[in-house]
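Protein sequences appear in the order of chains Y and B.
Numbering-wise, this note's numbering puts 32 at position 32 of the first sequence, and it's gapless, one number per residue.
Numbering-wise, this note's numbering puts 98 at position 98 of the second sequence, and it's gapless, one number per residue.
Calculated directly from the structure, the hints in this document are not laboratory data.
Treat each hint with caution, since some may be false.
Below, simulated DSBU-like cross-link-like pairs (lysine-lysine); rule was C-alpha separation at most 35 Å, straight line [stated by the list, open to error]:
id, chain 1, residue 1, chain 2, residue 2
1, B, K123, Y, K57
2, B, K30, B, K71
3, B, K60, Y, K69
4, Y, K74, B, K101
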Amino acid sequence: MNSGELKEIIYSVVDEYFVENKIKNKATGETVLFGSESVLDSLGFVNLIVEIENKLKDHDYDIIIASEKAMSRKNSPFRTINTLAEFIEEEIA
Amino acid sequence: MPEPVTNEIMIITGAGKGIGRALAEYFVNKGMLVFGCSRSGSDLLAENYKHFSINVSDEKNVQEMVSTVAKQYGKIDYLLNNAGIASMNHSLLTPGSTVEKIFDVNVLGTFLFSRETAKVMSKNKFGRIINFTTVGVPLQLEGECIYSSSKSAVETMTKIMAKEFAALNITVNAIGPNPVRTDLIKNVPDEKINALLNRQAIKELSSFEDIINVVEFFINRRSRMITGQTIYLGGVS
């Protein structure tokens, strides 16, 4: 899976969240997922990670995104869609 | 595996013997598709039963087992976190390694299976998780410091996960059996067991059927409003 396909998965999950929560927005690489500027509430963020993991499973990639490695990084990989995609790409490489 | 009769899928940890083995046999006979696990194998042979020999406190093992079931069947309805170990001993005579082992299986194992299974359950917006605690928690029995402490953690986990998973339509409850004749208590002297029974409202050992009864109550579709609860057997409170 390349970076583009990975981002498409994340975009689709985030856009689904926007639709479900009636938020007029569209996911981009710069969309903030975590922290005070996040477009998601805390439960939305949890569901996003779980949903991405589930979708990756469908593509035969079995990873735990919220790993110790992710949590211990100085710069959180959860900040934006771009940083999350980069992190996941490393994990499945 | 063939198509199950009920199309319901259950995971049981610690299914190799004792209570877990009895639960597995019961739900297999009811036609559920049951996936059990334990460190060792299982002598339960049925078309709708599959056993995994894994360590419940190994994150990778747990992830792989849950993922295998999810990939094949697309859902998991019920999780019975039955795997547990005990070491009855005075705190002053309990090695640190024993504490680690007990917490690994009882707390970490319950946590890992709940987390991974809830991710699958969340896709279908339905799930029932049943954890196993002990009457040793409310009775605060001497000699069971570490075992009961680990189960206190399981009870707290049950209450908090019940809140965290409620929006996903997953209920999380716990059953606290009183003594049942299994390997877990085989080394406990009779006078200790009798002293314990005397502290119960109903002064008898429980049977596997008593446990199955509570599990069936928790997993019932009509129990949708029951979550974060612990039911102790024998009238202990």
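Tested hints:
1. The suggested pairing of B/K123 with Y/K57 holds, with an alpha-carbon distance near 12 Å, which does not exceed 35 Å.
2. The hinted pair formed by B/K30 and B/K71 meets the criterion: a straight-line CA distance of about 23 Å does not exceed 35 Å.
3. Annotation: proposed proximity of B/K60 to Y/K69 holds, straight-line Cα distance about 15 Å (limit 35 Å).
4. Distance restraint check for Y/K74 and B/K101: the Cα-Cα separation of roughly 32 Å lies within the 35 Å cut-off, and the hinted pair is therefore satisfied.
Checked against the numbered hints above, the structure violates none of them.
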